[in-house]
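K.L.:
Let the hints inform the model, and build the full structure from the sequences given.
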Amino acid sequence: DGGITQSPKYLFRKEGQNVTLSCEQNLNHDAMYWYRQDPGQGLRLIYYSQIVNDFQKGDIAEGYSVSREKKESFPLTVTSAQKNPTAFYLCASSGTGAYGYTFGSGTRLTVV
Amino acid sequence: AQSVTQPDIHITVSEGASLELRCNYSYGATPYLFWYVQSPGQGLQLLLKYFSGDTLVQGIKGFEAEFKRSQSSFNLRKPSVHWSDAAEYFCAVVPNQAGTALIFGKGTTLSVSS
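Chain order of the listed sequences is L and U.
Residue numbering for the first sequence follows the numbering used here, beginning at 1 and increasing consecutively.
Residue numbering for the second sequence follows the numbering used here, beginning at 1001 and increasing consecutively.
Derived from the structure by calculation, the hints contain no laboratory data.
Errors might be hidden in some of the hints.
Covered by chain U, according to a simulated footprint, are these stretches of chain L (three or more residues, beta-carbon under 8 Å) [unchecked claim]:
#: 1; region: 45 to 53
#: 2; region: 88 to 94
#: 3; region: 102 to 108
The list that follows gives simulated cross-link-like pairs (lysine-lysine, BS3-like), each with its CA atoms no further than 30 Å apart [what the hints assert, rightly or not]:
#: 4; chain 1: L; residue 1: Lys14; chain 2: U; residue 2: Lys1106
#: 5; chain 1: U; residue 1: Lys1049; chain 2: U; residue 2: Lys1068
#: 6; chain 1: U; residue 1: Lys1068; chain 2: U; residue 2: Lys1106
#: 7; chain 1: L; residue 1: Lys57; chain 2: L; residue 2: Lys71
#: 8; chain 1: L; residue 1: Lys57; chain 2: U; residue 2: Lys1049
#: 9; chain 1: L; residue 1: Lys70; chain 2: L; residue 2: Lys9
#: 10; chain 1: L; residue 1: Lys83; chain 2: U; residue 2: Lys1106
#: 11; chain 1: L; residue 1: Lys9; chain 2: U; residue 2: Lys1106
#: 12; chain 1: U; residue 1: Lys1106; chain 2: L; residue 2: Lys57
#: 13; chain 1: U; residue 1: Lys1049; chain 2: U; residue 2: Lys1106
#: 14; chain 1: L; residue 1: Lys57; chain 2: L; residue 2: Lys14
#: 15; chain 1: L; residue 1: Lys9; chain 2: U; residue 2: Lys1061
#: 16; chain 1: L; residue 1: Lys71; chain 2: L; residue 2: Lys9
#: 17; chain 1: L; residue 1: Lys57; chain 2: L; residue 2: Lys70
#: 18; chain 1: U; residue 1: Lys1049; chain 2: U; residue 2: Lys1061
#: 19; chain 1: U; residue 1: Lys1049; chain 2: L; residue 2: Lys71
#: 20; chain 1: L; residue 1: Lys9; chain 2: U; residue 2: Lys1049
The C-beta atom is built at its ideal place from N, Cα and C for all residues, glycine as well.
P.N.:
Quick look at the structure:
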């Protein structure tokens, strides 16, 4: 079945370490997105990519980086510059235009 | 500033009572409009969406939403709430002037009392 796979489900890292969250889709979607979810804040857009080798910053891109070398993959790196990285991270993809958004099951990152 | 506003952070409704969750947006053109639900520890599930046409949209689980252009609103309704509807509800828009990213409101937590 087609869908989005985020791994791992839970991730623990020490403060000051970079960490990369995986997001893979087999839906043949052109666009992919990363969101951060905090209690009471809703989902905030970190980065999105509408085509391979191109991506745009969202509302809270500082301290994060992404790459889009393949259509299927959109990994997110949480760098040591992100001051408060502990959060729930959701990846999504969509087909042409604004149709058919699919969300992954998320990665909960805890930095200690 | 362009935004999506859900004025109610937390709502408690008695089981069997009607429900209305409010959503307002501040984008110049009519965006694409969505409602999602998230149960604790679960991912997001799409309830319904509006792109154009009939302003009353039917969704899953007995939910409906009405788009009102004059009020820049897209409120979610359900005539009779069930205990299983307790969850967090998010309104989202795609400001279709550019890009395809969903922009979310901060969410409304629904509690259902017996």
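K.L.:
Hints first: check each against the structure and report whether it holds.
P.N.:
Evaluated hints:
Three residues within the 8 Å Cβ limit are the bar, and the region 45 to 53 of chain L against chain U gives 3, so the coverage statement holds. Remark: the region 88 to 94 of chain L is confirmed as covered by chain U, as 3 of its residues place a Cβ nearer than 8 Å to a Cβ of that chain, reaching the required three. For the region 102 to 108 of chain L, the stated coverage by chain U is satisfied: 4 residues place a CB nearer than 8 Å to a CB of that chain, which reaches the threshold of 3. Proximity of L:Lys14 to U:Lys1106 is assessed by CA-CA distance (about 29 Å); at most 30 Å being required, the pair is judged to hold.
Simply put, U:Lys1049 and U:Lys1068 have alpha-carbon atoms about 14 Å apart, close enough for the 30 Å limit, and the pair holds. About 20 Å separates the Cα atoms of U:Lys1068 and U:Lys1106, which keeps this hinted pair within 30 Å; it holds. In summary, the hint linking L:Lys57 to L:Lys71 is supported, as the alpha carbons are separated by about 18 Å, within the 30 Å threshold. With a C-alpha separation of about 25 Å, the suggested pairing of L:Lys57 with U:Lys1049 holds against the 30 Å cut-off.
Among the hinted pairs, L:Lys70 with L:Lys9 is consistent with the structure: their alpha-carbon atoms are about 22 Å apart, no more than 30 Å. Proximity of L:Lys83 to U:Lys1106 is assessed by CA-CA distance (about 21 Å); at most 30 Å being required, the pair is judged to hold. A C-alpha spacing of about 23 Å is found between L:Lys9 and U:Lys1106, which places the hinted pair at or below 30 Å, so the restraint holds. Among the hinted pairs, U:Lys1106 with L:Lys57 is consistent with the structure: their alpha-carbon atoms are about 20 Å apart, no more than 30 Å.
Restraint check: the Cα-Cα separation between U:Lys1049 and U:Lys1106 comes to about 18 Å, which is no more than 30 Å; the hinted pair holds. Under the criterion of a C-alpha separation no larger than 30 Å, the hint pairing L:Lys57 with L:Lys14 is consistent with the structure, at around 26 Å. At roughly 28 Å between alpha-carbon atoms, L:Lys9 and U:Lys1061 fall within 30 Å of each other, so this suggested pair holds. For the hint pairing L:Lys71 with L:Lys9, the CA-to-CA distance comes to about 22 Å; that is within 30 Å, so the pair holds.
In summary, the hint linking L:Lys57 to L:Lys70 is supported, as the alpha carbons are separated by about 18 Å, within the 30 Å threshold. The straight-line distance between the Cα atoms of U:Lys1049 and U:Lys1061 is roughly 14 Å, inside the 30 Å bound, and the hint therefore holds. In summary, the hint linking U:Lys1049 to L:Lys71 is supported, as the alpha carbons are separated by about 26 Å, within the 30 Å threshold. At roughly 28 Å between alpha-carbon atoms, L:Lys9 and U:Lys1049 fall within 30 Å of each other, so this suggested pair holds.
Going down the numbered hints, you'll see the structure goes against none, and every one checks out.
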